[in-house]
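Novice: One-letter residues, chain by chain:
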Amino acid sequence: MELRAESLPQPQVKTVREAWQIFVDVLNGPVHERALYVYTAVVLAHWVEHIVQAYQIFVLAWPRPEAGGVLGLWLPWLVQTELLHWGYAFFMLFGLILLRPGFAGLSRTFWNISLAIQIWHFIEHTLLQGQAVVGLNLFGAQVPTSVAQLWVPRPELHLIYNALVFIPMVLAMYFHLYPPKSEAPVACTCSRRSPHHNKAKAKQAA
Amino acid sequence: MRGFRIPRPFSFFLLFLAFLLSVRPVAAHGDGAVLRLSNAPAGPFVLDVWTYPSYLIPGTVHFSVSVLEAASGEPMPATAVFVEVTPLGEQHHPIAPVNGRATLDFQTLFHESYLDIQEPGRYEVTVQAAASAEQQGEVTFEIEVASGTGLKVMIVSFLGVTGIIGVWFVREGLRTWGIERWVRGRKRNN
Chain L
3 MELRAESLPQ PQVKTVREAW QIFVDVLNGP VHERALYVYT AVVLAHWVEH
53 IVQAYQIFVL AWPRPEAGGV LGLWLPWLVQ TELLHWGYAF FMLFGLILLR
103 PGFAGLSRTF WNISLAIQIW HFIEHTLLQG QAVVGLNLFG AQVPTSVAQL
153 WVPRPELHLI YNALVFIPMV LAMYFHLYPP KSEAPVACTC SRRSPHHNKA
203 KAKQAA
Chain B
172 MRGFRIPRPF SFFLLFLAFL LSVRPVAAHG DGAVLRLSNA PAGPFVLDVW
222 TYPSYLIPGT VHFSVSVLEA ASGEPMPATA VFVEVTPLGE QHHPIAPVNG
272 RATLDFQTLF HESYLDIQEP GRYEVTVQAA ASAEQQGEVT FEIEVASGTG
322 LKVMIVSFLG VTGIIGVWFV REGLRTWGIE RWVRGRKRNN
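Those protein sequences? They're chains L and B, same order as listed.
The opening position of the first sequence corresponds to residue 3 in this note's numbering, with each subsequent residue numbered one higher.
The opening position of the second sequence corresponds to residue 172 in this note's numbering, with each subsequent residue numbered one higher.
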């Protein structure tokens, strides 16, 4: 009797929870390396936008409406849409949570630090957006105000937030790709010491 | 997949994202001004004054002023606003605004003024508002214009470090997507 894939018992995904669990397992297993790469590409692009904008303001002395980063030069309307700002903060938080199970050991510690800071950053963004939507400002201010903004001016504050999230994230990725030798191997193929990246060595060992 | 249902919270989330498309941004990134005075009494008026950029360095400094009537709290867009900046210390020559009398913007109710400050140091800013000969008021505050060298070095350093991370990222990406192995294989075949 010929064995066909269709004749094997197929897992029936009936609920969103089941589908989600499969998605998370795949994302933190065989696809973790590529998912992480795509995620980092977006994070890196966003970070570059922030620095370019700071460069335009403080080094090139561009006026406020023109200093919109790289994206703002071509698509100024997009930079003025809250979906980009709040949506990016959400994307970053979502990615940090979604890709977290794939990390272990030292890299997980740095990833957790990045996640904790991003949670607070996201709360600040939501507070700002909430004030803009409702039309009432916190602390009796004339403009929407976030909590930490009481001590640090807003533009610098969000540059600092992004730096604080970005630095531990880069460290987490480095230690994920090049984990200390004492750490146990993880399920994904990210580690440069994994057999996936050392096929010749793996063959020799076999 | 039969029986697969999209949960209601997710639908609400999509609707929320669609709503955000129509909402203007809160100036959270690198483009916000600093509120220097908030509800400052000036004769019959209450003034709010913002400066831009947030960290003042030699160059053009932008002042935004909103004028409210103290008694009613109503905006007064037709008020003439004049901003003057005087260096503190030995020199006392005021710096004139680039556009003379501040322009009026009836849509945003902000009075905009630009001044070209070329020397770092401390300055006294005087903001005068006048609706008529009787209705006048002024406020003063100090600003500090830094040399900006440290900030510029920091930004350029940030760019450099990000560039190094970017190169590392591309290098690792070549391995991630197997392009490095593909190039090596091609070289071997040739």
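Any given hint might turn out to be false.
To be verified - From chain B, some residues computed to sit far from chain L (all C-beta separations above 12 Å):
1) P215
2) E245
3) R293
4) G334
5) G337
6) E343
What the hints assert, rightly or not - Interface residues of chain B toward chain L, partial, derived using beta-carbon atoms under 8 Å:
7) T222
8) Y226
9) I228
10) F281
11) G321
12) L322
13) K323
14) I326
15) G331
16) V338
17) F340
18) R342
To be clear, the hints were calculated from the coordinates, so they are not data collected in a lab.
The beta-carbon is built from N, C-alpha and C at its ideal position, and this holds for glycine as well.
Novice: For each hint, tell me whether it holds in the structure or not.
Specialist: Results for each hint:
1. Remark: the non-interface label on B:P215 is consistent with the geometry, its nearest Cβ contact in chain L lying 19 Å away (cut-off 12 Å).
2. With a minimum CB-CB distance of about 15 Å to chain L, B:E245 clears the 12 Å threshold, and the non-interface call stands.
3. Every CB of chain L lies more than 12 Å from the CB of B:R293, the least distance being 18 Å, so the non-interface label holds.
4. Separation of B:G334 from chain L is inadequate, the least Cβ-Cβ distance of about 9 Å not exceeding the 12 Å criterion.
5. Its closest Cβ contact with chain L, about 6 Å, brings B:G337 to no more than 12 Å, contrary to its assignment away from the interface.
6. Chain L draws B:E343 into its interface by the beta-carbon criterion, the shortest separation being 6 Å against a cut-off of 12 Å.
7. For B:T222, the interface hint is violated, the least distance from its beta-carbon to any beta-carbon of chain L being 10 Å, above 8 Å.
8. At about 7 Å, the closest approach between the beta carbon of B:Y226 and any beta carbon in chain L falls short of 8 Å, and the interface hint on this residue holds.
9. Checking B:I228 against chain L by beta carbon gives a least distance of about 6 Å; that is within 8 Å, so the hint holds.
10. Interface hint status for B:F281: violated, as the beta-carbon distance to the closest one in chain L is roughly 11 Å, over 8 Å.
11. Because the beta carbon of B:G321 sits about 11 Å from the nearest beta carbon in chain L, more than 8 Å, this interface hint is broken.
12. At about 5 Å, the closest approach between the beta carbon of B:L322 and any beta carbon in chain L falls short of 8 Å, and the interface hint on this residue holds.
13. Nearest Cβ of chain L to the Cβ of B:K323: about 5 Å, under the 8 Å cut. The hint holds.
14. About 5 Å separates the beta-carbon of B:I326 from the nearest beta-carbon of chain L, less than 8 Å, and the hint is met.
15. Because the beta carbon of B:G331 sits about 10 Å from the nearest beta carbon in chain L, more than 8 Å, this interface hint is broken.
16. Residue-level restraint check for B:V338 is violated (minimum Cβ-Cβ distance to chain L is 11 Å; threshold 8 Å).
17. The closest approach between the C-beta of B:F340 and any C-beta of chain L is roughly 6 Å, which is under the 8 Å cut-off, so the hint is satisfied.
18. About 11 Å separates the beta-carbon of B:R342 from the nearest beta-carbon of chain L, more than 8 Å, and the hint is not met.
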